[in-house]
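Based on the sequences and whatever the hints tell you, model everything.
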Amino acid sequence: MASLLTACFFFIFLCCFHDAYSGAHSLSVLHTELAQCADFPEFHAVVMLDDTVIMNYNSDTSTVHLKHEWIAKHLTADQKELEDLSAREAHNIMKTGLNNTMRLTKSTVGPHLFQWMKKVEVNDDVLVKWDVLFRFDGKDFIRLDQQTMNWVVVRSEAQSLERQFTKEPDWRNTWRENLEHTVVVGLNDLLQKGKQFVERKSRPVVYVFDRKRPLDSSVAVSCLVTGFYPRFIEVVWQRNEDFVSGVESPGLLPNHDGTYQIKITLTLAAEDEAEYWCHVTHSSLSETQTEPWVPERSPTVRGVAIAAGILGIVAVVCVTVRICTRKKTAQDGQTQQQPALLIDVSSRPMEQPKETGGPSGQLLPQPIGV
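Count the sequence shown with mature numbering (1 follows the signal peptide of the UniProt record, and there is no 0) and you get residues -22 to -1, 1 to 348, in order.
Hints were generated in silico from the structure; no laboratory data involved. As the structure is a computational prediction, the values presented were derived from the model and not from experiment. A virtual CB, placed ideally from N, CA and C, is assigned to each residue, including glycine. Careful, some of the hints might be misleading.
Stated by the list, open to error - Quick list of the computed label-pair ranges, beta carbon to beta carbon: (1) Q125 <-> A2: 27 to 37 Å; (2) L193 <-> T152: 53 to 63 Å; (3) Q125 <-> V222: 21 to 31 Å; (4) Q57 <-> D194: 52 to 62 Å; (5) A2 <-> L193: 39 to 49 Å.
Unchecked claim - Cross-link-like lysine to aspartate or glutamate pairs, in silico, DMTMM-like; alpha carbons within 25 Å at most: (6) K171 <-> E158; (7) K84 <-> D115; (8) K117 <-> D29; (9) K190 <-> D220; (10) K171 <-> D17; (11) K145 <-> D123; (12) K190 <-> D115; (13) K117 <-> D102; (14) K117 <-> E140; (15) K51 <-> D62; (16) K45 <-> D17; (17) K51 <-> D115; (18) K190 <-> E253; (19) K117 <-> E99; (20) K179 <-> E265; (21) K171 <-> D29; (22) K58 <-> D167; (23) K45 <-> E177; (24) K45 <-> D235; (25) K190 <-> D123; (26) K171 <-> D235; (27) K107 <-> E212; (28) K179 <-> D167; (29) K173 <-> D103; (30) K117 <-> D220; (31) K145 <-> E158; (32) K171 <-> D62.
Now the structure itself:
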């Protein structure tokens, strides 16, 4: 169950924060606090390097889990203990944030979730961009704008959080130092320690298949490319001698093993007998890989299997969310305590929270350090 929850929140995170810069690397942290959802850990924290989970924590185990051997090798026992302590402190911060946000939004019947997302991207050791976002029940709540260094309030109830974050005269420098120096230094350190992991390459597997659309007798021809890493890839369709525009794609999606997949689909008239090729260019390939499509070919068995597998994953996530929606704790209004943040490099807990009683009360403590 916990792994399903991780996958679901990971996908949400990518939808919010996904950008592709060729050669760029990123460090991301996602904290999620749940209330009135007894089937899942109350708190979950995930640290990602280039969209691959390298550390996670949940309130059921109360310990940081290192997902790769190279992380465990370079993290000392003292550092690991500090990460555990940091995570437990962050639990209190996120619990307070969720409790107060539920009160301000008059959200009593659950389940509810409160998320804090932070991402920093570098290219050749130089900062490219950063993002800081808080979300409530899956919708943006308040975001820190990099250009203006002002909080952008999405929901009026988030004004209390804005007042808290801006009450210190030097708050902008505090956040800027954290995002543009401390996290960047930590990210570059991870890139050096995990160089072999970061620079690994996985060759794409390409499937070309078609599906007739009964409503208008057109044919949807898809090129599914999966299993590749790194994520930067070029997939184009060619018709006879010309490259084709006007294609459809859900975009780049993560696989469970840290690789990626992308599907590019053409819509053709049933009588179209032109020759089509799918061209794939990736750093793991010595030359462009080309796969043809033959008109009126039935979907390949392997192509159908892959498509069915994707639909199966979506179905599992939907069932998981539905279970969480149907079940809540026995007492209405009872919020569940949860742990906190992860890697010292990417985020540190803020000072210990104090719950207050009015709309102007403190939602989250003022951030210090990372």
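Each hint, compared with the structure:
1. Q125 <-> A2: 27 to 37 Å: At roughly 19 Å between Cβ atoms, A2 and Q125 fall outside 27 to 37 Å, so the hint is violated.
2. L193 <-> T152: 53 to 63 Å: Between L193 and T152, where Cβ atoms are some 57 Å apart, the hint holds.
3. Q125 <-> V222: 21 to 31 Å: violated, 37 Å
4. Q57 <-> D194: 52 to 62 Å: Holds, at about 60 Å.
5. A2 <-> L193: 39 to 49 Å: holds, 42 Å
6. K171 <-> E158: holds, 20 Å
7. K84 <-> D115: holds, 13 Å
8. K117 <-> D29: Holds, at roughly 21 Å.
9. K190 <-> D220: holds, 24 Å
10. K171 <-> D17: Not OK: K171 and D17 at ~37 Å, beyond 25 Å, violated.
11. K145 <-> D123: Answer holds: K145 to D123 is near 17 Å, not above 25 Å.
12. K190 <-> D115: Status violated; Cα separation ~38 Å.
13. K117 <-> D102: violated, 33 Å
14. K117 <-> E140: At roughly 17 Å apart (the allowed maximum being 25 Å), E140 and K117 satisfy the hint.
15. K51 <-> D62: Cα-Cα ~17 Å, so holds.
16. K45 <-> D17: holds, 23 Å
17. K51 <-> D115: With Cα atoms ~37 Å apart, K51 and D115 exceed 25 Å; violated.
18. K190 <-> E253: Holds: K190 and E253 sit about 17 Å apart, inside 25 Å.
19. K117 <-> E99: At roughly 23 Å apart (the allowed maximum being 25 Å), E99 and K117 satisfy the hint.
20. K179 <-> E265: holds, 15 Å
21. K171 <-> D29: holds, 17 Å
22. K58 <-> D167: With a Cα-Cα distance of about 16 Å, the restraint between K58 and D167 holds, given a limit of 25 Å.
23. K45 <-> E177: holds, 17 Å
24. K45 <-> D235: holds, 12 Å
25. K190 <-> D123: violated, 46 Å
26. K171 <-> D235: Holds, because 21 Å separates the two Cα atoms, which is no more than 25 Å.
27. K107 <-> E212: holds, 23 Å
28. K179 <-> D167: OK: K179 and D167 at ~21 Å, within 25 Å.
29. K173 <-> D103: Holds, at about 13 Å.
30. K117 <-> D220: violated, 42 Å
31. K145 <-> E158: The hint holds at about 21 Å.
32. K171 <-> D62: This hinted pair holds, its Cα atoms lying about 21 Å apart.
The structure shown violates the earlier hints numbered 1, 3, 10, 12, 13, 17, 25, 30.
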